[in-house]
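Asker: Work out the full structure: start from the sequences and follow the hints.
All residue numbers for the sequence shown refer to UniProt numbering, where the first residue is 1 and numbers rise by one.
In short, the hints are calculated from the structure, not lab data.
On a predicted model such as this, the values are computed, not experimentally measured, just so you know.
Glycine included, each C-beta is placed from N, C-alpha and C at the ideal position.
Watch out, some of these pointers could steer you wrong.
[Said to hold, decoys possible] Cβ pair distances, simulated, as ranges:
#1 660 - 390: 25 to 31 Å
#2 133 - 694: 36 to 42 Å
#3 184 - 321: 42 to 48 Å
[Stated by the list, open to error] Below, computed lysine-lysine pairings styled on BS3-like, alpha-carbon distance capped at 30 Å:
#4 372 - 340
#5 342 - 220
#6 747 - 88
#7 95 - 72
#8 130 - 683
#9 323 - 340
#10 747 - 372
#11 680 - 90
#12 680 - 714
#13 72 - 124
#14 95 - 52
#15 6 - 88
#16 323 - 305
#17 623 - 64
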Amino acid sequence: MSRFSKDELSFVKEVPEHIEIECPVCLNILTDPHLVTCCGHNFCGSCIERVKAGDGSCPMCKDKEYQSFIDKKCSRIINGLEVYCSNKEKGCEWKGELKNMSTHLNKEKREGECQYEEVKCQYKECQERKQRRYLKYHEDRECLQRPVLCQYCGEIGTFLFITKDHYEECWYYPVTCPNKCASTTMPRFNLEYHIDNKCPLEPVDCVFSWAGCNDKPLRKDVHEHTADTKHMTLLAVAWPFHCLNIMSCFSKEELVFVKELPDHVQLECPICLYILTDPHLVSCCGYNFCGSCIERKKYQFMVNKERIRIINGLEVYCSNVKKGCQWKGELKNMSTHLNKEKREGECQYEKVKCQYEECQERMQRRYLKRHKDKECPQRPFECEHCGEEGTFLSITKNHYKECCWYPVTCPRGCASTTMPRFNLKHHIDNQCPLEPVDCAFSWAGCNDKPLRKDVHVHTADTKHMTLLAVACGQLKKENEQIKEDNEKIKFEVKTKAKFKFHIHTAIANGLSIPLLPIDVTLNLRTPSLRAVYFYSNVCGQYMSLLPLLNMSQFSKEELSFVKEVPEQIEIECPVCLDILTDPHLVTCCGHNFCGSCIERVKAGDGPCPMCKEKKYQSFIDKKCSRIINGLEVYCNNKKKGCQWKGELKNMSTHLNKEKREGECEYEEVKCRYEKCQERKQRKHIKLHEDHRCPQRIVECKYCGGKGTFLFITKDHYEECRQYPVTCPNKCLSTNMPRYKLKYHISKCPLEQVDCVFSWAGCNDKPLRKDIDEHTADTKHMTLLAAACGQLKKDVEILKYENATLKYHIHSAVADNSYPSLPIDITAESGVVHFYSGPCGRHMSARIIEGGLFAETFMLIAFHEGIFDANFQPKLSKIFAKNNNTDAPLITDTEATYKQLPNDVLGTITNCNNLPPGVIKKNIDHLSYTIYAI
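Answerer: This is the structure we're talking about:
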């Protein structure tokens, strides 16, 4: 039979007080009741057996000599008690004998008689519990983990995945136009086509963009925008470079005519050598020219409409006929057929650019889609290992070299299969059989690094015995040294008198008082408290610890009694002045104290707090405990609205202070978020935590990032890349994600930009929309003139400096009187002049013997060099070498050395009296090689 507590059960008739139905051990309704002979109490069979297996004393009377046997009469009484279903408050109307309750409830099973019993949902990831009568409805319609079918594409997944993640990517999901046009919803895969070809609110290129118009009118306003007179101005400017009949220029070699042309028909313009476009006839010689070509000449001319009709009516093949195009038609239709430089066009053999800007390839239109989807190195591509997005080139060339999930093989060439890159280090450090590893005897001095697969073979090498012998000998010496140090420390401790007493006492008592760490336990069944005594450490401080019961204490002012407490009843502790908890009676004066309070007094060897008697005893006053615990009180939160009243012993359970769960809904508890210090009544705490707490976890509605409400709304929104912002220039653009703002500002008509003549000294910053008007200002001609004049002067100066440098370089090359380091010098060489390097410092050196002890010195001096004025050469470190011995001569390369006359070293006869600036170095030999590094 399942175990039930008395609080869980609702009896049809009140149970008489003399019927014992609760087990004093587990405090549940007795199951398999056993009667003990010592005190006549009943216990659950499993409880009393567990007690016997332990210390064996009776839980009630503490008698150790007793017997227990099954009490069948008690079992019949308890099993026959008539109870209501434990789900009565939820609506279950069942009532019956207690023995049938388990069968009726059938806990944690999906099938059972009680339809109000809560059971788990069948889907593992769903943790909700529902009454049996609602379980099927929940699993079929409410559970977020139930499998469902996407109504648009047919994909199967959990309800949460389909509605939250899948709908954001489903190609068949109905979406609306982002331009908010009047079109109805459409599948997501149709959206791009709709925006590119149909949407009336989509900005499109002006039809005069080829003539310089950069406006992007809405598709529905294209006709109205085209009628703007400003396009006439643009056409006039673009006329010399484009044909008025919008026909591309073709050379005669590009065209293949269906019929051979007569020789007398003039097709080519004598100026541009292309097929005539907008033919004009000149009056002087009768030749025809392109309209744009002849307008640049001073002749009388007229439009030759007849020639226009002849040329436009010529029947030609497509210029891509050699590539396979079968089209033929009139010349005037060739431009429309080819539609050069456009991705869309009738001729599938015309070469056009790839749509991705960084890709410069050109291919025929019929191959464009294949190139875009499979061949273009700049096409969008997703790493199949980690999901990162980028171009095909960046992913395959750069990302694959760093991708943590990219499959790699072991660099040692072992037999392991491929693994993700992030596993490679673990494989090499722990598994690879071909990885060199430290010998197990490296601590003993073995520096070998055998392969991991050969470690056992290497370890068996007999040389390790020698290493072990040496290492063990060293360890033995260190151990003996440590023992000597310990003996010295012990001797110092023994010589100090203030430690002798504690040490001798501890030895005499056999260390009866323990040292830290110690275990302190508190038996809740025997609430009398005892202090624990201990030393903090060896020769440490003598201390005591008094464990306290975790029981809420109340002062008399906090409590509101239902009935006034008689004066003769002592309910306050004279020490802590709170209501007595675990009352103890003292023998000296008969007063009551809290158990913890009197134990604390006794631990300090203090007298009775009331009568000051030093010799007394204390014991638990169970009668006082029953009286105090049975006092009927109102809840401490009565003023806040709590209607509870009950015995004082139940107050702590009712309040359940500082716990989120508790019976009293008016008790104030802390918010569950650590950084939030607010305290709210239990009935309001969930509302506070879910909707009002500034530290609650929320999700950014723009980018999906998570954080506290305070962080998201205060800090995150200021940095969120998806947060909607407006143009700082207050142009007519709508809200846009923050990450698009930089691009928008680069195109914003109200953004201030540098003048194109800023390099010439114009510091104006006109608006982007006014840049053309500002550029036309005549003041820029003055700035251009001044800037060009300055540039000319700078060029002349550079030419002069260049010529001077060339002269010095040629002079240096031609001057080979002094060599560059390295050089050889001996005592017989005398003074040797040299340069520290190519275009280096001019120096000289001399080896000389002299002094009181016939010492040998090398003298070094610096002189003015031909490279000093123009190159300002840096000094290198200079050394003198003899066989394998290097002697430093000049090491401080940043110091300033005095330049001396060229013959200064030749005039020196005494090493003890040198001119200022000469450097003297002591040497051991008479010949050296001087070199620089």
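Asker: What hint numbers does the structure not satisfy?
Answerer: 1, 6, 13, 14 and 16
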